[in-house]
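2 protein chains.
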Amino acid sequence: MTDDIEARIARVAFNDVGLVPAIVQQWDTHEVLMLAWLDAEALRRTLTSGRVTYWSRSRSEYWRKGDTSGHIQQVREARLDCDGDAILLLVEQTGAACHTGTRSCFDTEDLHAVDALAPAETKAGDGA
Amino acid sequence: MTDDIEARIARVAFNDVGLVPAIVQQWDTHEVLMLAWLDAEALRRTLTSGRVTYWSRSRSEYWRKGDTSGHIQQVREARLDCDGDAILLLVEQTGAACHTGTRSCFDTEDLHAVDALAPAETKAGDGA
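Chains as they are written, first to last, in the working numbering: chain A, 1 to 128; chain B, 1001 to 1128.
Since the hints were derived computationally from the structure, they do not count as laboratory data. Predicted, not measured: the structure shown is a model, and the values here were computed from it. Since no wrong hints were added, every one of them can be taken at face value.
The following label-pair restraints were derived from C-beta to C-beta distances:
hint: 1; chain 1: A; residue 1: HIS99; chain 2: B; residue 2: ALA1007; range: 18 to 26 Å
hint: 2; chain 1: A; residue 1: ASP67; chain 2: B; residue 2: ALA1007; range: 33 to 41 Å
hint: 3; chain 1: A; residue 1: HIS30; chain 2: B; residue 2: HIS1112; range: 16 to 24 Å
hint: 4; chain 1: B; residue 1: SER1060; chain 2: A; residue 2: ALA10; range: 25 to 33 Å
hint: 5; chain 1: B; residue 1: GLU1061; chain 2: A; residue 2: HIS99; range: 32 to 40 Å
Take a look, some chain A residues computed to stay more than 12 Å from chain B by CB distance:
hint: 6; residue: GLY18
hint: 7; residue: GLU61
hint: 8; residue: ASP67
Ideal Cβ placement from N, Cα and C applies to all residues, glycine included.
My request is simple: use the sequences and hints to build the entire structure.
If you want it as C-alpha cells, here you go:
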C-alpha cells in the first residue's frame, strides 16, 4: 500500500511552492464549504487517515481540521481534476467549516454579479 | 456602477501573480464542475457580462468559456470567501465543463482516499 499511495500522490501537479488547492464539499448536500491548500504530506495524511489535513500557508504548519475547533472533516472521497492541479474532497463536515462560525466560507460575501438567467427587467446594469 | 464594480474587485486578495482561484459550481444541482483562475480584468468581465471569463495560465490570454466549444457558463452568482482569496461561481453550464468532454473536470480521477464513514470491514488499509 505504501507504493500505491506514493503513486497516487505522484499524479498530482503541485505548484511551484509544492501546494495544490482543494475544494471541500459536503458529500451529501453538495454544499461547497471552503478552499484550502495541501502539500504532498498533507495529502498523504488526508488520503490514508480519513481526516482532512491541510498545509497552513499563514502559519507554515500542518493543520488537521477540527483539532482545536472540534469541527472535523471526515474524508469520504478525493478526486483529482483533468490537469492534475486541483483536488475535490468530499467530506462529512462536523459543525461550521469556516473559522468565522458560518457553515461555509462562502456564506457572507456576495460579489453581486449580473445574474445572466434573471428576467431582463431585474438584471443589474443595462437591460436586454 | 463603475466605482461599485471596482470596489467589489478591490475586496479580492489576488495572489502574487495577480490571480485568484474560482470554484465553478452548477447552481441548481450543486455539482462542482472545475477550478480555474481569474485576474482582476477577468473578474470584471465575469461580474458585469453574465459570461464567465478566465485568465488562461497556459496560454496567457483571456478565455471566455465556451467561445470555441459552445460550452458556455452563464453567471448566476459570485461569492468571495472569508479570507478574500477564493471565489465561488454559481453558473448555468451548457454541455461539458471539461475540455475532455466530461461534465465535470473531477469526473475521472479517483485518488482512492480511505472512506472514513464506511463500515470498518470495507475500509481500505487496516481495520478499525
